[in-house]
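Asks: The chain contents come next:
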Amino acid sequence: AQSVTQLGSHVSVSEGALVLLRCNYSSSVPPYLFWYVQYPNQGLQLLLKYTSAATLVKGINGFEAEFKKSETSFHLTKPSAHMSDAAEYFCAVSASGGSYIPTFGRGTSLIVHP
Amino acid sequence: SQTIHQWPATLVQPVGSPLSLECTVEGTSNPNLYWYRQAAGRGLQLLFYSVGIGQISSEVPQNLSASRPQDRQFILSSKKLLLSDSGFYLCAWSLQGAGNTIYFGEGSWLTVV
Chain Y
3 AQSVTQLGSH VSVSEGALVL LRCNYSSSVP PYLFWYVQYP NQGLQLLLKY TSAATLVKGI
63 NGFEAEFKKS ETSFHLTKPS AHMSDAAEYF CAVSASGGSY IPTFGRGTSL IVHP
Chain X
353 SQTIHQWPAT LVQPVGSPLS LECTVEGTSN PNLYWYRQAA GRGLQLLFYS VGIGQISSEV
413 PQNLSASRPQ DRQFILSSKK LLLSDSGFYL CAWSLQGAGN TIYFGEGSWL TVV
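Residue numbers (the working numbering), protein chains in the order written: chain Y, 3 to 116; chain X, 353 to 465.
These aren't lab readings, by the way, just hints derived from the structure by calculation.
For every residue, glycine included, the Cβ atom is placed at its ideal position computed from N, Cα and C.
Honestly, I wouldn't trust all of these hints.
[As the list claims (entries may be wrong)] Computed from the model, here is a short list of chain X residues facing chain Y with C-beta under 10 Å:
1) Q407
2) L442
3) A444
4) I454
[Stated by the list, open to error] To spell it out: a stretch of chain X is covered by chain Y in this simulated footprint if at least three of its residues, at any positions, have a beta carbon under 8 Å from a beta carbon of chain Y; those stretches are:
5) 394–402
6) 425–434
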């Protein structure tokens with residue numbers, strides 16, 4: 003079984019501040035991990051993906067995430083928030099064996115203040 | 353490159369009316385296909401997925417159904433809509449196998465009145 007917990011349904015930051023969106027996962031086998039972004043009234047777009055090649059994964063728009071097995075975490079960060087980063091962010095986990103259909107977290111809404 | 357399209361983008365339907373949302377994928381063969389729903393302020397709910405023509409798995413019992421008449425076509429249907437069917441519906445695809453990225457369509461807003 004696999005699951006994802008995103009801590010905080012809303013995160014508010016000032017423009018230029020560090021962005022940190024938290025994701026913890028549970029998986030009985032080595033996982034694949036994803037972060038997606040959803041802008042209003044649009045589908046989800048892949049930000050980055052962890053496939054065990056490297057623990058620090060760089061994605062689009064300056065985002066990166068670090069896989070920490072000991073903490074079962076895959077937090078998303080960006081050094082400096084931009085107004086255009088305001089969106090909904092989803093973490094997802096997919097198992098490397100058995101059912102490979104990803105399980106999505108409930109999402110975190112990122113609010114960026116000027 | 354691969355693309356995914358779903359339509360209509362928005363629709364308003366009365367309670368008890370039928371529903372048909374369509375989705376097509378181009379540029380790949382034998383994809384996995386998915387239908388998700390987002391209710392307001394909630395996360396993604398997987399409704400159906402398909403690993404091949406005519407093969408549909410339902411994740412949530414409801415008055416919706418899905419069909420895959422062709423390799424790259426996925427249809428979400430209902431015979432009689434309920435108010436609770438309102439939401440944002442997303443079609444998606446991925447390659448077969450573990451760890452593959454799911455790619456989403458633009459979404460369809462359904463309001464049942």
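Asks: Taking the earlier hints as the rules, which of them does this structure contradict?
Replies: 1, 6
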